[in-house]
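J.: Read off the chains here:
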Amino acid sequence: DQQVKQNSPSLSVQEGRISILNCDYTNSMFDYFLWYKKYPAEGPTFLISISSIKDKNEDGRFTVFLNKSAKHLSLHIVPSQPGDSAVYFCAASTTNAGGTSYGKLTFGQGTILTVHP
Amino acid sequence: KAGVTQTPRYLIKTRGQQVTLSCSPISGHRSVSWYQQTPGQGLQFLFEYFSETQRNKGNFPGRFSGRQFSNSRSEMNVSTLELGDSALYLCASSRSSGTYNEQFFGPGTRLTVL
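Heads up: the protein sequence lines correspond to chains A and B, in order.
Numbering follows this note's numbering, in which position 64 of the first sequence is assigned residue number 64; successive positions increment by one, without gaps.
Numbering follows this note's numbering, in which position 74 of the second sequence is assigned residue number 74; successive positions increment by one, without gaps.
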């Protein structure tokens, strides 16, 4: 049962254009969402996160949008740069009533982003 | 501030052996989580430790175990290795204070079981 899904295995965009990476989830208990970037043979690097009380969070070239009713989130990268080429993972967690997630992130399968010069 | 460190980076073992992997979290982080990444299953949560106690556990057999020390460093152990245990093992640390806490990952340990 895959609770977090990234349905696009790959995405190719031109340098300077917008990259939009999508993620869907099925568990309505998820209330905190994160995006990570990963290069081969390295650990994931945290990019940006959003809690379920918001519908948008922005950090520089990265913006994450959350649509709770559709159980969908997306990561926008503007403008895209060749150095952004990597695998992007979305992840979700559930915080309990005490406000901790007990360290468990559920990951999607990842989307390979290629930005062409 | 130093990031999460993992040792060793690469390991080759044979079936039936056991292995211990080590993780040092970012200074001040009290929570350490472990994940397994394989091509077929993706990134899967193994367990999480906080203040030397396992707080959460994923769906892995009992051959996978871990512990955390008083300085928040953590180790995970896999006994009776199987070929399917070949994977990238990642640990991540977080402050685990407040409601929402990002996890920061180490570079991983690449385990190959022959």
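Worth flagging that the hints you see were computed from the coordinates, not collected in a lab.
Wrong hints could be hidden among the right ones.
[As the list claims (entries may be wrong)] Calculated cross-link-like contacts (lysine to aspartate or glutamate; reagent style EDC-like; alpha-carbon spacing at most 16 Å):
#1 A:Lys68 / A:Asp55
#2 A:Lys71 / A:Asp24
#3 A:Lys37 / A:Asp59
#4 A:Lys37 / B:Glu102
#5 A:Lys104 / B:Glu82
#6 A:Lys68 / A:Glu15
J.: Against this structure, judge whether each hint is valid.
T.: How the hints compare with the structure:
Between the alpha carbons of Lys68 of chain A and Asp55 of chain A the distance comes to roughly 8 Å, so the proposed pair stays at or under 16 Å and holds. For a cut-off of 16 Å, the pair hint linking Lys71 of chain A to Asp24 of chain A stands: about 6 Å separates their Cα positions. A distance of roughly 15 Å separates the Cα atoms of Lys37 of chain A and Asp59 of chain A; the hinted pair therefore holds under the 16 Å criterion. Straight-line distance between C-alpha atoms of Lys37 of chain A and Glu102 of chain B comes to about 14 Å, which keeps the hinted pair within the 16 Å bound.
For the hint linking Lys104 of chain A to Glu82 of chain B, the alpha-carbon distance of about 25 Å lies beyond 16 Å, and the restraint is violated. Taken as a hint, the Lys68 of chain A and Glu15 of chain A pair is broken in the structure, with Cα atoms around 31 Å apart against an allowance of 16 Å.
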